[in-house]
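First to last, the protein sequences are chains A and B.
All the letters of the first sequence, read from the start, carry residue numbers 0 to 270 under numbering that gives the first Met the number 0.
All the letters of the second sequence, read from the start, carry residue numbers 0 to 281 under numbering that gives the first Met the number 0.
Bear in mind the hints are in silico, worked out from the structure with no lab data behind them.
Just so you know, not all the hints are guaranteed correct.
What the hints assert, rightly or not - Simulated restraints, written as ranges between beta carbons of each label pair: (1) B:Thr258 <-> A:Thr171: 48 to 58 Å; (2) A:Leu156 <-> B:Pro87: 39 to 49 Å; (3) B:Ala112 <-> A:Glu47: 38 to 48 Å; (4) A:Leu159 <-> B:Val145: 36 to 46 Å; (5) A:Gly78 <-> B:Ala259: 49 to 59 Å; (6) B:Ala168 <-> A:Leu159: 33 to 43 Å; (7) B:Gly230 <-> A:Leu156: 47 to 57 Å; (8) A:Gly78 <-> B:Lys229: 33 to 43 Å; (9) A:Asp130 <-> B:Lys229: 31 to 41 Å; (10) B:Thr258 <-> A:Arg160: 33 to 43 Å; (11) A:Leu166 <-> B:Lys229: 19 to 29 Å; (12) B:Ser134 <-> A:Leu159: 15 to 25 Å; (13) B:Asp135 <-> A:Arg100: 43 to 53 Å; (14) B:Ala222 <-> A:Leu166: 18 to 28 Å.
The model shown is predicted, which means the values in this text are computed figures rather than measured ones.
From the three backbone atoms N, C-alpha and C, an ideal C-beta is built for every residue, glycine too.
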Amino acid sequence: MRPWHGIGLAAACAGMICLAAGGAVAGPAEETRWQVLQDLYFAGRTVEEAGPVVSLEAPTRAHDAALVPIRVATAPAPGVAVTAVHLIVDNNPVPLAMVLRFPDGTRPHAVDTRLRVDAYTNITAVAETADGRLLKTARFVKAAGGCSAPSPKNAQLAALRLGKMKLNLPETVSTGKPATAQLLISHPNYTGFQYDQLNHYYIPAHYVKTIGVRYNGEPVLDVEADISMSEDPSLHFTIVPEKEGTLEVVAEDTKGRIFKESWPIRTTPGS
Amino acid sequence: MPVTEVAPGVFVHAGAHAETDAANDGDIANCGFVVGTDAVAVIDTGGSPSVGRRLREAILARTGRPILYVVNTHAHPDHVGGNEAFLPDGPAFVGHANLPAALAARRDHDRRAYEEATGRPAADRSPVAPTVTVSDRMDIDLGGRVLELVAHPVAHTDHDLTVLDHGAATLWTGDLVFQERAPAVDGSALGWIAVLDTLARVPAQLAIPGHGPPASPWPDAAADLRRYLKGLVADVRAVQKAGGTIQQAVATVPPTGGTAWRLIENYHPRNVTAVFAELEWE
Ligand SMILES: [Zn+2]
Chain A
0 MRPWHGIGLA AACAGMICLA AGGAVAGPAE ETRWQVLQDL YFAGRTVEEA
50 GPVVSLEAPT RAHDAALVPI RVATAPAPGV AVTAVHLIVD NNPVPLAMVL
100 RFPDGTRPHA VDTRLRVDAY TNITAVAETA DGRLLKTARF VKAAGGCSAP
150 SPKNAQLAAL RLGKMKLNLP ETVSTGKPAT AQLLISHPNY TGFQYDQLNH
200 YYIPAHYVKT IGVRYNGEPV LDVEADISMS EDPSLHFTIV PEKEGTLEVV
250 AEDTKGRIFK ESWPIRTTPG S
Chain B
0 MPVTEVAPGV FVHAGAHAET DAANDGDIAN CGFVVGTDAV AVIDTGGSPS
50 VGRRLREAIL ARTGRPILYV VNTHAHPDHV GGNEAFLPDG PAFVGHANLP
100 AALAARRDHD RRAYEEATGR PAADRSPVAP TVTVSDRMDI DLGGRVLELV
150 AHPVAHTDHD LTVLDHGAAT LWTGDLVFQE RAPAVDGSAL GWIAVLDTLA
200 RVPAQLAIPG HGPPASPWPD AAADLRRYLK GLVADVRAVQ KAGGTIQQAV
250 ATVPPTGGTA WRLIENYHPR NVTAVFAELE WE
């Protein structure tokens with residue numbers, strides 16, 4: 000794929016994925032906010048700057064504040080597993096968007112997902128290592144209104160589709176090689192901040208709160224999510240299938256509804 | 000306000016290809032009116048009360064017949080913002096059955112956007128909502144001239160309404176047709192293409208687009224838009240088939256028609272994002 004150079008913002012970044020040009024904006028307001036959040040989520044612990052162990056990509060300016068695509072990747076140093084990444088949208092009403100847990104933290108992981116952004120904000124990723132270190136990196140994103148944006152979809156259609164899942168895989172999956180899969184879950188993921196203007200009430204929060212991915216029974220990825228995950232949650236993640244088998248996903252929403260689905264995965268001998 | 004008589008009794012004001020700002024006060028979409036022997040119907044009212052007032056003055060300068068109908072093609076603020084200017088006439092306000100919900104949902108967002116764009120306070124009220132809604136089709140008789148209103152399934156939005164003037168063989172498309180100005184997908188790209196297929200069979204010689212020249216030949220008027228939408232769907236599907244992400248699609252999918260579309264950089268990345276999410280659930 001060639002980048003399209005016809006337009007300004009996103010296309011200005013060469014290459015496949017737009018890194019937030021210039022990285023985090025560490026203005027005093029962002030620093031002050033982060034201190035509050037560090038005390039809230041990581042009280043009494045030291046949070047270091049991440050360096051190469053964890054990286055975060057996000058658009059500098061979002062095209063849809065309710066659907067801001069981000070990507071977080073871990074690159075564990077030899078012998079030090081990265082077991083979790085906390086994703087925090089600093090200025091959202093509920094800042095902790097999700098925690099990604101990697102049962103096999105010794106290998107690198109890359110996860111793409113989509114977040115709601117309610118106001119100009121840093122998005123912060125805090126990685127946790129098996130030896131208890133916390134490593135942080137952040138990107139400043141210009142977007143606003145993502146938590147209160149009305150869903151553009153037809154509510155009746157959305158209700159019919161609720162809980163449906165899709166898994167997208169590359170055409171070939173090689174034995175023992177990392178492959179990227181995309182999981183989609185149809186869910187309105189109501190934030191509790193969306194006002195129904197016609198009937199005059201806030202639609203109660205109702206969202207997917209946990210997602211577990213297993214391959215042949217072995218845990219691959221566990222997600223704990225909150226209201227900042229976009230409608231129709233999407234996760235790209237990597238699996239390294241040692242043989243063919245079954246990928247199973249179990250998700251639960253805040254009303255206790257459980258959604259389960261599994262897909263066979265055929266692998267071809269890697270070269 | 001300048002208006003063009005594109006067919007006998009059919010008057011159109013063409014809005015500017017710009018974003019709303021303090022100078023244009025939301026005069027960025029096409030609006031106009033149709034004069035029958037008994038009554039006048041207004042079709043869309045511009046992006047602010049001031050545009051609506053100027054449109055009303057243009058009508059009063061041309062006819063003494065009463066304004067009995069104000070028809071809105073959809074809820075976008077540049078099409079409904081002048082509704083209140085017609086309250087003194089006591090017309091029926093007519094729109095798609097989904098229009099009231101869309102107006103309500105957009106209210107706070109659109110008020111904020113107007114204030115940011117113009118630096119002027121927005122009125123503390125919603126745009127005037129329809130008093131008559133259309134869930135399928137409805138005729139309006141202006142005297143010697145019947146307008147056929149048709150409510151469409153999800154396309155540009157989920158509440159697009161067209162107005163066909165059989166006698167003048169003229170189709171008011173609202174934003175189901177963009178010419179010159181970059182289109183915005185706020186409903187469904189696939190649905191929009193399907194509705195364009197339906198509209199191509201409508202017996203009209205002229206279309207009055209939501210954005211573009213006051214009128215142009217139908218169905219050719221939709222050709223650029225159709226190419227843009229088809230290109231968007233095909234290119235986003237190709238990115239998805241290759242396992243690509245939204246970010247990759249935004250960075251690589253070009254707008255069919257390129258920079259011939261005015262303001263394309265403001266709309267194309269968002270269209271790619273919206274269509275990506277739409278096609279994931281095909
Ligand atoms: Zn529109």
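Original post:
Checking against the hints above, which ones are violated?
Top reply: 1, 7, 8, 9, 14
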